[in-house]
Amino acid sequence: MKKEDLPQDPGALDKFTREVCYVKNDEGKYETALSKGWDVKKQALDSAWEEVNERVEDARKAVANGEKSPVYYFMELRLMDLPVLSGYTGIFPFFIKRHFKPSVFKGLSERKLEKYAKAFDITVDELKNFKG
Amino acid sequence: MNIDSQTDEFHHVQTAHCENGVTTALLRYHGLDFMTEPLAFGMGSGLFYIQIPFLTVNNGPAISFRTMPGAIFKRTCKSLGVEVTRKKFSNPVAAQAFLDQKVKEGVPVGCQVGVFHLTYFPKEYRFHFNAHNLIVFGEEDGRYQISDPVMEDVTSLSKEELSRVRFAQGPLAPKGHIYYPEKIKPITDDMIRKGIVSGIRRNVRDMLSIPGNFAGVNGIRHTSNHVRKWRDKLGLRKASLYLGQIVRMQEEIGTGGGGFRFLYGAFLEEAAGYLQDDRVSNISEDFTKAGDMWRASAIKMAGVYKGRLTEQKDFEEIADMMLDIRMVEKEAFQKLSNLKLGK
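Chains as they are written, first to last, in full-length UniProt numbering: chain E, 1 to 132; chain W, 1 to 343.
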């Protein structure tokens, strides 16, 4: 990539930092240059977020319809999957999957609820009372 | 100006890739002024390609354009005879106590962190990615002074904030991982040359002769074969998200552009200077070409996830582009191999 071809498309990094890229200067030698971003990768990031938002919305509906428990919704909201949530709570994925069921969720001990709430950065009440 | 106190001071280095940056800044702090990001990357045999089978990351394929986390620092230090201390902890309190001790001694240290809770990162970039690296180089007003190599300037984190990211959970959980160079002997140009040669040879081996079909140059063909099937197998929507994931792994902040290929080209250019060997700088051009081809494929992929390209033939074209890239990289590494450097 030539230095003059380095894209400068502002994106999510705009207020954070510019990024170092390796480009060719006029003499054909490598040097570093700072880029504000590139639309091609910005759109990849945007579409990844669209997907996340859609998953969260689906999870919210599933809770509202009584198909899933709040644990499922907050897992999606915090961009987690089973291995990550298992890491933060210390609860095995097999059991987490069970806790997605509203009927099982209702009977969860205070201690388990606290573990989930802590992992999701919310209070136990917020977790228990989330209705979708 | 007092020269003595200047050498004691830590200098922030902004780099494309975080681990290169930590390696470069820490080694420079310890007096290895010749260290640059491309050199750290090349000596550490940083270039790679792998699509890890059966694993998905953020609901997409697990693809990486560089070697495994931690390897660059480890290999670069080792090839220069630099002794390294590294520690992991099960207890956050012990991890913080150890860090505080180092800060008190005035020793800058590298820390592995997760980015999900990294407060100064933009929200859009905060996924559960646990192999980010930063340097803690001091303490001011009860906050750690942080040098994050991907940033233009230094920043800071509270003790709670840093402890939280050092104990992020999930795949590649950092477990408070802390590392720093310990003993450094004087380095001769000959040692640098040897480090460069062994770095290149290891990279040739990794890319050309790694067993299995999903890593090295053959890994690119592996992904290419997948891309052909994605549209029918996953549906257009999911297939385009998968392509988006490739582009992010390849072009996002931390790669230097073109899936680290430009960075490797810069390394070979620098290596040619040390080795006094024009053949090496000619091969550098091949990696520039590979990087440009990766960028061209990213533009094509963007056409798909923007919804402009929807046909199977578009996926076939992307897959064919990847096969071409594989050939360019394969030939480049074969040329490097045929140089018989160090023999």
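Each hint should be verified, as a subset may be incorrect.
Stated by the list, open to error - Partial list, computed: chain W residues near chain E (C-beta under 10 Å):
(1) D8
(2) F10
(3) Q14
(4) T15
(5) A97
(6) M151
(7) E152
(8) S156
(9) S240
(10) L241
(11) T255
(12) F267
(13) E285
(14) M301
Simulated from the structure, these hints should not be mistaken for lab results.
Glycine is no exception: its CB is placed at the ideal position from the N, C-alpha and C atoms.
Now the hints, each set against the structure:
{"no.": "1", "hint": "D8", "result": "violated (26 Å)"}
{"no.": "2", "hint": "F10", "result": "violated (19 Å)"}
{"no.": "3", "hint": "Q14", "result": "holds (6 Å)"}
{"no.": "4", "hint": "T15", "result": "holds (6 Å)"}
{"no.": "5", "hint": "A97", "result": "violated (23 Å)"}
{"no.": "6", "hint": "M151", "result": "holds (4 Å)"}
{"no.": "7", "hint": "E152", "result": "holds (5 Å)"}
{"no.": "8", "hint": "S156", "result": "violated (15 Å)"}
{"no.": "9", "hint": "S240", "result": "holds (7 Å)"}
{"no.": "10", "hint": "L241", "result": "holds (6 Å)"}
{"no.": "11", "hint": "T255", "result": "holds (9 Å)"}
{"no.": "12", "hint": "F267", "result": "holds (9 Å)"}
{"no.": "13", "hint": "E285", "result": "holds (9 Å)"}
{"no.": "14", "hint": "M301", "result": "holds (8 Å)"}
The structure does not agree with the numbered hints 1, 2, 5 and 8 stated previously, though it agrees with the rest.
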